[in-house]
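Student: Given next are the chains, with one letter for each unit.
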Amino acid sequence: MNDDDRRARAVAVRDLAWTAAALVAIDPRGVGGIHLRARPGPELDAWTRALADALGDRPLRRMPPHIDAGRLTGELDLVGSLREGRRIVRSGLLTDASGGMVIVPMAERLEREAGAILAEALDTRRVLPRLPGLSYAPADVAAVLIDESREDEAGLPDIVQERMGCLVVLEPVGAAAPPPPAVDPARVEVARGLIRDVVADDSDIETFVVAAARLGIDSLRAPIHALQVARAHRAWRAAAEAGTAPPVDSGAAEGASTLLRIADDDLAVAAALALLPRATVAPEPPDAQDDSMPPPPPPPPSESDRDDGDDLQGPSGPIADQVVAAAEAHLPEGLVARFAEARARGTGRKGAKLRQLMHGHRVGARRGDPRRGGRVDLPATLRAAAPWQRARRDRAAKEGGASGQEPAATPTVHVRPSDLHVQERVRRTATATVFVVDASGSQALNRLAEVKGAVELFLGESYVRRDQVSLVVFRDRGAELVVPPTRSLVRVRRLLRGMAGGGGTPLAAGLQEAWKVALRLEASEASPRIVLLSDGRPNVGIDGAGGRKRAREDALDMARRIAATGIPALILDSSARGERFATELAQALNGTVAHLPRPDAQGLRRALDLFGADAP
Amino acid sequence: MATPFPFAALVGQDEMKRALEIVAVDQGVGGVLIFGHRGTGKSTAVRALPALLPDIEVMEGCLYGCAPDGRGGRCEACRDGHSGPGTDRAGVPVVDLPLGATEDRVVGTLDLERALTEGVRSFEPGLLAQAHRGFLYVDEVNLLEDHLVDLLLDVAASGENVVEREGLSVRHPAKFVLVGSGNPEEGELRPQLLDRFGLSVEVTTPGDLETRMEVLRRRDAYDRDPEDFVKRWASADGRIRASIRRARERLGEVDVPESALETAGRLCLSLGTDGLRGELTLIRAARAVAALDGDDTVADRHVLEVAPSALRHRLRRDPLDDTGSGARVARAIEELSANGSPAA
Chain G
1 MNDDDRRARA
11 VAVRDLAWTA
21 AALVAIDPRG
31 VGGIHLRARP
41 GPELDAWTRA
51 LADALGDRPL
61 RRMPPHIDAG
71 RLTGELDLVG
81 SLREGRRIVR
91 SGLLTDASGG
101 MVIVPMAERL
111 EREAGAILAE
121 ALDTRRVLPR
131 LPGLSYAPAD
141 VAAVLIDESR
151 EDEAGLPDIV
161 QERMGCLVVL
171 EPVGAAAPPP
181 PAVDPARVEV
191 ARGLIRDVVA
201 DDSDIETFVV
211 AAARLGIDSL
221 RAPIHALQVA
231 RAHRAWRAAA
241 EAGTAPPVDS
251 GAAEGASTLL
261 RIADDDLAVA
271 AALALLPRAT
281 VAPEPPDAQD
291 DSMPPPPPPP
301 PSESDRDDGD
311 DLQGPSGPIA
321 DQVVAAAEAH
331 LPEGLVARFA
341 EARARGTGRK
351 GAKLRQLMHG
361 HRVGARRGDP
371 RRGGRVDLPA
381 TLRAAAPWQR
391 ARRDRAAKEG
401 GASGQEPAAT
411 PTVHVRPSDL
421 HVQERVRRTA
431 TATVFVVDAS
441 GSQALNRLAE
451 VKGAVELFLG
461 ESYVRRDQVS
471 LVVFRDRGAE
481 LVVPPTRSLV
491 RVRRLLRGMA
501 GGGGTPLAAG
511 LQEAWKVALR
521 LEASEASPRI
531 VLLSDGRPNV
541 GIDGAGGRKR
551 AREDALDMAR
561 RIAATGIPAL
571 ILDSSARGER
581 FATELAQALN
591 GTVAHLPRPD
601 AQGLRRALDL
611 FGADAP
Chain F
1001 MATPFPFAAL
1011 VGQDEMKRAL
1021 EIVAVDQGVG
1031 GVLIFGHRGT
1041 GKSTAVRALP
1051 ALLPDIEVME
1061 GCLYGCAPDG
1071 RGGRCEACRD
1081 GHSGPGTDRA
1091 GVPVVDLPLG
1101 ATEDRVVGTL
1111 DLERALTEGV
1121 RSFEPGLLAQ
1131 AHRGFLYVDE
1141 VNLLEDHLVD
1151 LLLDVAASGE
1161 NVVEREGLSV
1171 RHPAKFVLVG
1181 SGNPEEGELR
1191 PQLLDRFGLS
1201 VEVTTPGDLE
1211 TRMEVLRRRD
1221 AYDRDPEDFV
1231 KRWASADGRI
1241 RASIRRARER
1251 LGEVDVPESA
1261 LETAGRLCLS
1271 LGTDGLRGEL
1281 TLIRAARAVA
1291 ALDGDDTVAD
1301 RHVLEVAPSA
1311 LRHRLRRDPL
1321 DDTGSGARVA
1331 RAIEELSANG
1341 SPAA
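Residue numbers (this note's numbering), protein chains in the order written: chain G, 1 to 616; chain F, 1001 to 1344.
Check the hints yourself; a few may be wrong.
[Unchecked claim] Quick list of in silico lysine to any residue cross-link-like pairs, SDA-like style, CA-CA up to 25 Å:
id: 1; chain 1: F; residue 1: K1231; chain 2: G; residue 2: E456
id: 2; chain 1: F; residue 1: K1017; chain 2: G; residue 2: T124
id: 3; chain 1: F; residue 1: K1231; chain 2: G; residue 2: Y136
id: 4; chain 1: F; residue 1: K1231; chain 2: G; residue 2: R196
id: 5; chain 1: F; residue 1: K1017; chain 2: F; residue 2: G1061
[What the hints assert, rightly or not] Here are a few chain F residues that sit away from chain G, every Cβ distance over 12 Å (derived from the structure):
id: 6; residue: D1069
id: 7; residue: G1072
id: 8; residue: R1074
id: 9; residue: G1081
id: 10; residue: R1218
id: 11; residue: V1230
id: 12; residue: W1233
id: 13; residue: R1239
id: 14; residue: I1240
id: 15; residue: G1272
id: 16; residue: R1277
id: 17; residue: A1338
[To be verified] Sample of chain G residues at the chain F side, in silico, Cβ under 7 Å:
id: 18; residue: S219
id: 19; residue: R487
id: 20; residue: S488
Hints are computed from structural coordinates only; laboratory data are not their basis.
The beta-carbon is built from N, C-alpha and C at its ideal position, and this holds for glycine as well.
Kindly produce the complete structure, drawing on both the sequences and the hints.
Tutor: As structure tokens, then:
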């Protein structure tokens, strides 16, 4: 691919983002919203303006990611009510935006409660304001979630991400690029009128179902969204043909609304927006699709225990492949493969869940002076002051009367410093155990099975305590993170199944990988600890080169580095008679060593209690 | 929400639909846990519930929606005659509990406005009050803080919310069915909480092309014209509504013979479920199934039909056994029939 091609591709990608803005404006309910991966900058500003244009008179509201639930759904306006002396209700942002859209910057930081409320609104088109009784308020919105996270960071909360019909990447195209396509509000209006005439036939439906299955997408929301995106795109194209002026006498003049059929172009755009970015299996590169090639592999059985492959070929398999290939041309090079890999490995997105959980979370309020740290908690402060109002008012009136003060100077609410409350946020630090398991040849294969069982059993217990577990395996030339930090037994079981053994003993590499995981965990506010299961006979250095001496030195060196960061460590020596090097290594790690010739679950549990003893 | 997707139009997912029907007939069966991947119709099913259930009568002006006949308890205002005597008709509430909601919001708190303007200590009801006589839905229940799940299950079981905070001392009726959904890949519920749910179902994306296409066809028809789609499914939804109504009326008269008790007991024994809770729930759910089927007596087939939902979350977990808990229940049922249990 030369530079011209690359530039043309970048422009096509950019134009797709603009098209998505038009499509969501045409059918906000069907499309649901846009998950936009973008960084702040002129492109994003221009895109936002295009969206506002497309919406015409309909509202477009900014929704800060830390918005609180009351502001989102509507609540009693406390200050206003006190001032006016009557109950004043302030409508929520979602109700204000009803009939239009909300745009959420830094959506990866969206509060859990706000995310759940937005998801409910997307499903039901209404919200339950924070008021007594069961009176819902309208919230007929679609959303744009601007995801500014890096690819290895926590992304959007699944609960909202899943409900966005389009996933778009906005990248700078350079100053020399042609301007983005115009999103004419009049054309959007015409398209809105035409969309009900667009028909999807069975072959369109089949194409999306088959394409989704081939891309390893399990959720049926994806093909459902794709279908709606395709319909909006068909209406968008028809609106251009119909001219921008809406027909004066629709129906009669047009010969009673001619039906519009979805075409290949609509399918490809819809697949590019709704399906490919959710792939967990990368599609075959187009040039590999030769007649002599076997059919593309069915989605891996990893997502579930069924085999989709056979049932989901369908007669439109080849069409689905063509649509996928055509759709890829709209996307940044390698994007699908990148996303698919990240999803399949379960890093990023899934690990993200945990980080949200561990995030500082408001749990209540305590008496305290905000000037000494903390955010003032207004409701709690007023609540503390409330019971005393009558007494304080009476007293103030008496004192005011005595000093001849104007009544207007007496405040509506009497708050004393002792009433002040500050918000209490909890940053829960869950324990996260990183197992580093020796899967080398010296560690016999049957022992590996025991270790697997022990790790599973341990995890079974640890989720009772809501701990996280992670597993690093080293063998042959290097180390691999087999189980990224998780609390899910289901995932561990799946990942452990694929674990192989044999080869050399690159202990240093294993420790290094575990250390990296531990540091990441620490950054996400968990307290990591490392548990090494090995027979303590390293013979591969950090660089993958053989040699017992170097291997030992590298391992000790890595151990000292880990010790320097203060991460607690435990060595479980699985050699038959106890290895002296294990003790040496434990000293370097500033940790403990336990001799565990048969790493069964009970032994492992007892050994891990060594940690428990000095745990805070 | 003018027109939610009709319950009857959901393709497949029979076990989930059945579980929701069962608790709609008999709240006492307990909460429902729906585990499965995303995009399998979990929230769609829950949101379709209000249209499926007959409207309820509520005391006029009552913030808790107390029943005129006092069934399910009365709030203070109704006891003291501050609400009513007239009645209103209302839809069955299905209230979402958003993940991350504060405890204040869930249980209720001091009514600040009245406290400040009138100096009156009064109670502002929370989500538990709003869900009274209906359903409380928690998506991603597996990610909810444990203490909140605990609290929800406690209130759901006792039917009453007791608030002792901020100088308030309030108790009000809060009888609801807790429906929790989640994806086990994103974290699991603590085992101690699991078995406090009455029923638990597992949903998966349908595996075959035709079923998946049917899901898309119906969804597309609904998206194009929700009102028309709902109208076309009105009679199917109406049949389910009628069967729930009849089952509720019949429930008290459904007989539970010795044979059904024995089948339930043997099943629980062979599965090694802990405690009596499983057995009691199984019987109770089987009775609702019989009522839904229009039968006067609980037969073995009613017990066996609901056994997977009633028991799969009560099995002791063996991490080394990959067999799903649903499959283990199925195996136990097979063994039971093979060993010559009373004919169904």
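Student: Taking the earlier hints as the rules, which of them does this structure contradict?
Tutor: Hints 1, 5, 10 are the ones this structure does not satisfy, whereas the remaining hints hold.
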